[in-house]
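Novice: What follows is the residue order along each chain.
Number of protein chains: 4
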Amino acid sequence: MDFKVKRTDKAVFSNYALNCVGTGRMHLALRHEYHKQLQKVQDEIGFKYIRGHGLFHDDVGIYQTYEEDGVQKVEYNFTYVDMIIDDYLSLGLKPFIELGFMPKALASGEQTVFYWEGNVTPPSDYEKWADLVIATVSHWIERYGEEEVLSWPMEVWNEPNLEVFWENADMDEYFKLYEVSARAVKKVNPKIRVGGPSICGVEDEHWLKSFLEFTSKNDVPLDFVTRHCYATEPADYIPHYAYQKLSSLSYIPDELRVSRDIIDSFPAYRGMEMHITEFNTSYSPRNPLHDTNLNAAYIAYLLSVMGDTCASYSYWTFGDVFEEQGIAFTPFSGCFGLLTNGSIPKPTYWTYEFFSKIGTDAVSRGKSHIITKEKSKINDDEIFHIVAWNPVDGEDKTCLKLNFSIEATDGEYYIFSRLVDEDVCNPLKSWIDMGSPPTLNKKQLSQLKDCATPAISTQRLSVEAGLLELDVKLNANAICHYEVVKVNPQVDRGFIAERVQGSR
Amino acid sequence: MDFKVKRTDKAVFSNYALNCVGTGRMHLALRHEYHKQLQKVQDEIGFKYIRGHGLFHDDVGIYQTYEEDGVQKVEYNFTYVDMIIDDYLSLGLKPFIELGFMPKALASGEQTVFYWEGNVTPPSDYEKWADLVIATVSHWIERYGEEEVLSWPMEVWNEPNLEVFWENADMDEYFKLYEVSARAVKKVNPKIRVGGPSICGVEDEHWLKSFLEFTSKNDVPLDFVTRHCYATEPADYIPHYAYQKLSSLSYIPDELRVSRDIIDSFPAYRGMEMHITEFNTSYSPRNPLHDTNLNAAYIAYLLSVMGDTCASYSYWTFGDVFEEQGIAFTPFSGCFGLLTNGSIPKPTYWTYEFFSKIGTDAVSRGKSHIITKEKSKINDDEIFHIVAWNPVDGEDKTCLKLNFSIEATDGEYYIFSRLVDEDVCNPLKSWIDMGSPPTLNKKQLSQLKDCATPAISTQRLSVEAGLLELDVKLNANAICHYEVVKVNPQVDRGFIAERVQGSR
Amino acid sequence: MDFKVKRTDKAVFSNYALNCVGTGRMHLALRHEYHKQLQKVQDEIGFKYIRGHGLFHDDVGIYQTYEEDGVQKVEYNFTYVDMIIDDYLSLGLKPFIELGFMPKALASGEQTVFYWEGNVTPPSDYEKWADLVIATVSHWIERYGEEEVLSWPMEVWNEPNLEVFWENADMDEYFKLYEVSARAVKKVNPKIRVGGPSICGVEDEHWLKSFLEFTSKNDVPLDFVTRHCYATEPADYIPHYAYQKLSSLSYIPDELRVSRDIIDSFPAYRGMEMHITEFNTSYSPRNPLHDTNLNAAYIAYLLSVMGDTCASYSYWTFGDVFEEQGIAFTPFSGCFGLLTNGSIPKPTYWTYEFFSKIGTDAVSRGKSHIITKEKSKINDDEIFHIVAWNPVDGEDKTCLKLNFSIEATDGEYYIFSRLVDEDVCNPLKSWIDMGSPPTLNKKQLSQLKDCATPAISTQRLSVEAGLLELDVKLNANAICHYEVVKVNPQVDRGFIAERVQGSR
Amino acid sequence: MDFKVKRTDKAVFSNYALNCVGTGRMHLALRHEYHKQLQKVQDEIGFKYIRGHGLFHDDVGIYQTYEEDGVQKVEYNFTYVDMIIDDYLSLGLKPFIELGFMPKALASGEQTVFYWEGNVTPPSDYEKWADLVIATVSHWIERYGEEEVLSWPMEVWNEPNLEVFWENADMDEYFKLYEVSARAVKKVNPKIRVGGPSICGVEDEHWLKSFLEFTSKNDVPLDFVTRHCYATEPADYIPHYAYQKLSSLSYIPDELRVSRDIIDSFPAYRGMEMHITEFNTSYSPRNPLHDTNLNAAYIAYLLSVMGDTCASYSYWTFGDVFEEQGIAFTPFSGCFGLLTNGSIPKPTYWTYEFFSKIGTDAVSRGKSHIITKEKSKINDDEIFHIVAWNPVDGEDKTCLKLNFSIEATDGEYYIFSRLVDEDVCNPLKSWIDMGSPPTLNKKQLSQLKDCATPAISTQRLSVEAGLLELDVKLNANAICHYEVVKVNPQVDRGFIAERVQGSR
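Protein chains in written order, with the working numbering: chain A, 1 to 504; chain B, 1001 to 1504; chain C, 2001 to 2504; chain D, 3001 to 3504.
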């Protein structure tokens, strides 16, 4: 493939990759291992928001009852939720609030979801539910101040269109929950932004239309729309793991376009923000696909296009402290995280790290690449970034060759290249080589981290007639990042290269 | 080349690579940058002793004079030397003391050496010199306790056989200095170990014989012998740098053998420890050779043989905080350090890091390799280490192929390989690609550190008839480290490899 | 009171205060807040062992079942327990193992204890229980090596003499559990030490005698004896808290003496180690007593005497990450910890910190004090430590005056004093002054830490006729630590004191 | 004394205490100990600018000469100055540039100042001096960007009105230096701010008037005025130390008022910023006064008034890494720093720490106190800060009693008080008690840090008729900080105080 890039051809590209990331249930944010993983992610990638389930689950423990003088009373315990949000803020993250699931003492039924038994039934008393929402949001304003809390979007519940997450997937009951919750939030402060319906891709068109009709007709507050999307076909469950075929690259963008169009078809909601509050390749936390280079290359493509329709898309999830299907037996277990327990980056970690470096000022976009430029902070030079990817799900492992011609001012350029592919940065394979140890000792952990680092190289290129010519070759399931920087002449302190072994 | 390794063939190999390392003058140990470099070296390599010049130089400031009632009086200021040694001890290092140079107020002349102007003349008053030695060593015992100070060897002066380091290279005067110093040390505590003559390779045979005759005839205390060695031919000085040809690989081992034999020829000194208190390829701190992969491969060979004759060999120096020829203009300046200012590891850093991992229990040694084994700390498994190198000074850049056959118990083995060569880990070249910036900004520094990391790979090997067969290919000036670990069967939690892209 | 201390009068005193400390259930060791609290405790106090409940509880998740081909199978998941013990070891702690409680899938009944619902029924299948113990201990040896695991004592269950902790407090059933467990441990490695019966002070004499008869008659392995003790009278529960009167100071020592005598009455067990695997003033995690200065002074007395009969006494618990009665609403909640959530030291923290500094070489012991000496590490000087306490439970708040005369060599002494009492180091009161905020912001937390620091003072004393005279005055519920160090003459660099305001 | 404070009575007070701080010569910023001291100062106090001597001194090494083809050439070495400024910026500090002293190779004479021998003669070649200034400032813009460097004020030389700092204190020669330097700076970028004449209080009125006449008449760039001030009378030098009497409290404010009036008398310069680029009590780095509580209380007064006339006042110096009179023999040596080597805060450290907390919104100011208020960041509550001081230089040590009545809304208030006086926070005295050890071991250092901490207490006060009444009692040479915060009602989770020993 051949790409001629003119600087006037500004490419369409919105880089919202860092706007939000997913997490296992809120209570896990109290874990030491969770904190270490999130610290690394924030130091090296730097997301803005984080979203997960279980705010009102009993292990966070906000909703408490006790008996006094024979009467059942309600009180609120904010000890843990304060620890959790304090920690997020200290890491430069804000919460993207999900109002759910149901405290047992407020539930109308006993249906639960997940190993950790989140209750997914409607409240037994909607007034008490509203009180709970009001008390919690009011507490946050008291603790963090109005300005801070106004920047936290609040989403009502999770995937109510699935029976597993909402008793009977009862649409009317969800609309009731939504209305009560949204009005409760606005009662605390009408400027707080609230949204839904947090659906996944099952009957999603019907749900989305109905939801927007409901809110628009009833004047129910709605500040943004949320949905989820995953890109795999049905799973084979073989002993402990789920194996699935990836959907085609266009699957998710197409689905999102449909949602976008539905939203825009409501005059009141035209152009309203759509947040993808969960997405990934597979929806199973036991699919080894998540740990592969293929996953990294596939996600790279998605990150290059999802900003076309959405205001954020929250990768599900940042790390592997996660218990929906129980406790993982091994560091590589097909879980969702960008990194494993022990903080070994998976290949997809680098997809995010690469997209975190390139900004949003694109000069070229293609099916396999994005090129952006940024201005130097201290002089007038331009820096180019190229990210390219080559997802290959199958046996055909031919290389992808890309030839870039980028308009650039004449002179010398320094190119810093980082490559992640199945040969040079494939910690899953290295762990298997190691014998798949279920718990790593210090040395094994250290070695696997070494195996999870991109291969680096540098080179010099001359631009003579205004075009920087660069050839990139990608193996199957490779992603790469090239940074191209103009070299400024330096004081004369250079070595005589031919007298120094290996210096050129 | 082909190596059949039988476990019964225990190879001769003493790995004293970590016993000692060199440093720029003592005062530099007060620097923040110095501390950071040394911290990294100690965290990742872990030397035992450190030796440098300038203990009694005026910038450390121990020897002070003042006037009171018209009389000139002496007092001692241990503020800085205490800071320095406290810092060494906190980093797990002990000082290998060098008694020198001369405080200006105690000097008999004005000759100095280096940009920092170390006075290299004899004391104007040998009694005051002895007092200074006694006061300093006594202070150390008071501060650190006898047990600690008894483990610090004390060497008298530096390279007195060179005029530049000792006025007129006056041998008799040095012997006098040696005797006074050694007796002063022993007066504080006769168990403290003292040695010399700290000569370099100029008239070294004559000096060494004469010195040993002097000490043996006059019953002057001597607990160990010290000397230096460098391996380059005369320099071309072209603007700011020195270019030299490397001596042959056998140059240093041959020279040390001669010294060893001289020592052993004195019945009283047969088998006495010989410490190489300085060595390197070039003796110039402006020779870019130090920053190359060639240097790393050449030093690897030396580390495999120097333990045959010596008790320690102190690489001159651990880091690039160094001022003998003034302040370096650039991060790569041909200085001696294992790492640059900013803590970018040079290739030779990895030579030391590799030798720090392999222990001393060799099963095979050759001109281009060493193989050792260690026992697992928690079970009976053996771990093999292979370090190999291929120094090539010249245009002929053919690869070196090594074929190892190591006796091993049958089963599966995991191999973790690290490679440093001119293509994959050559930060000098990357810095030149970058335009040779004299001061690095944060991003440049971070990228050069990424460029200074070994390439990593892993593999699985089966041993079926008691022989582990391993082929290693080394480019010119490569060094590598292979760690070979038996894989123990793990619980059945494995993936189905053919269902997971890139997992094998 | 007046104490003349002769150096020849060596006092009886075994300082085992640091041998062990208690913790909330094992799973809590995965928490970030727990790690931070324990890190601080280990940095500043430094316990050797840690013991808590819940090793086999489902949240640690070791015992797992799954169905394959229609058959229910057992597998073990060591992910979390490895994280927990790795963390302990990294903090310099070893686990004092408690084998319990029962995984739900292996339980014979549904009775649970605590908010976190530990199952306290016997195993439905003793063979599977033995398999679980064997698999776990074997895994530890594989992971940490035999030498390490041999240093971990293993105790069977917790307080089986209480119905709440063991169904029906069924003694014969416990003896069965003990025997199966002890034999399982010994099957892995006969050198691992195992003990029980982990009883508290209810029918303890009967239980202890019966247990020792059972083990001795049936030749059941027993390497040490364990029990618990608490020192408060029945509780008034007023809304959320328990209020209790403290028992007399002699209550616990008397009770332990009885147990000691019972053990020693069995010839086979005479002198056998007795470990107090839990103790504190109150057994309620909602008694504000734990947060007071009274608690600190009372515990100080206990630490001065418990070593007379016991090999360890594990303060229940090191920190306030604890959920037996649910999640605390406030930082001061009467919980057991030496420090609060947020790591504010409670007064009792300082009791331990003081005992951690004094060693075990006593020269005087009284009802309100202990004096020890230690030898300087670098010279021959002696350092004296005085810890004194004045627990007062009631309205009479008269001061305690102590006059010490300690034999010491003549000269000048420097005294460094630290004082903790209700006026100078009472963070509970400061928190109440602050308005009892349920969650602290950063500034509040920082200020409360400042309020939780001992008052410091220094002085100089001269010893002229061989006696160091020292007067100590303690307010109600004070504890203090005095360190007394000989001043050695220093070089003449002193100020003229009368020319410097406030210098004497 | 009695202070009724009405909220409408806004007091005059400009708190510029944190705008700038002094430092030992630039080269010392390369030291590890320096970095640690400055890190602590910045973490806990947080200055904005830092100013010190020696930018162009040979140990920073910017100006370099070498011979090539028989010609002497100039080159610039920015290695060390980049390290220094990088470190400042990383600590949140900007440099307040002082252009001086003279590189030896550019000097016209040999006169030097200080132990470190700063050359204080005019340049031998003013054009080369201008080149040096231009090259250095241009390099900074290239490295840090224009925006950053525009915020760095540039002052020309140091105290040219003293012969010791400027050969012959030659005023005309200084004006020449000033003009050449100022024009050189402006040539790089006319927006960079430049100032002088950096005089101390010797013939300062004459110098200041002449300087302003010179610049105004000749249209020489001048963006701000700088001077120094110290407040002690002539010194007695007794052995190693200087003893001096403090000037009266009004000495410095009066002197500054005179300068202010001179500046304002020039129409072109009316209201121009005056920066006190050095001030302290004594100008001697060997006056123990700096280490006393008297110094802290005296400086507190100065900080309350200096903002009346000046835009910044740079305490000379932040720390004790300092070599003007050589290397200190002891941790307390009368040096200028806010903290000692080893980072023990001196009492004056707390003066700055207290002023760093109070903001600038004063409600009352008196000779011995300042009261400010700040608004809570998360609600509408007001927080009051009181800082009070009681400097007493002499034998009369009567207490100072202050009675504050502050208008406040009714309710409960929490008061957090910190006190520093000769009894509770006097590390100099504690060090003398210890025997004045010249180098501290770890325990001594830790104990002295404990001795250098304010005494803390808390209390509750009720405001009932709109007045908060507070009595403050200060011993001689005390300073205190009170923070007064409204208590908001909290959820009912309180203890029954009478059941909890010591809780009220």
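Quick caveat, the hints were computed from the structure, so don't treat them as lab data.
Errors might be hidden in some of the hints.
[As the list claims (entries may be wrong)] Derived BS3-like pairs (lysine-lysine); straight-line CA-CA distance at most 30 Å:
#1 D:Lys3004 to B:Lys1442
#2 C:Lys2449 to D:Lys3036
#3 D:Lys3094 to C:Lys2443
#4 D:Lys3073 to D:Lys3006
#5 C:Lys2367 to C:Lys2245
#6 D:Lys3073 to C:Lys2449
#7 C:Lys2443 to D:Lys3176
[Stated by the list, open to error] Calculated from the model, a selection of chain B residues having no Cβ within reach of chain A, i.e. all distances over 12 Å:
#8 Glu1067
#9 Phe1495
#10 Gln1501
[To be verified] Here are a few chain B residues that face chain A, going by a calculated C-beta distance under 7 Å:
#11 Ser1138
#12 Ile1141
#13 Tyr1283
#14 Asp1433
#15 Gln1447
Note that the Cβ used here is the ideal one computed from N, Cα and C, for glycine as well.
Novice: Could you tell me which of the numbered hints above are not met by this structure, giving the numbers in increasing order?
Specialist: Going through the list in order, the structure violates hints 1, 4, 6, 7, 9, 10, 11, 12 and 13 and respects the others.
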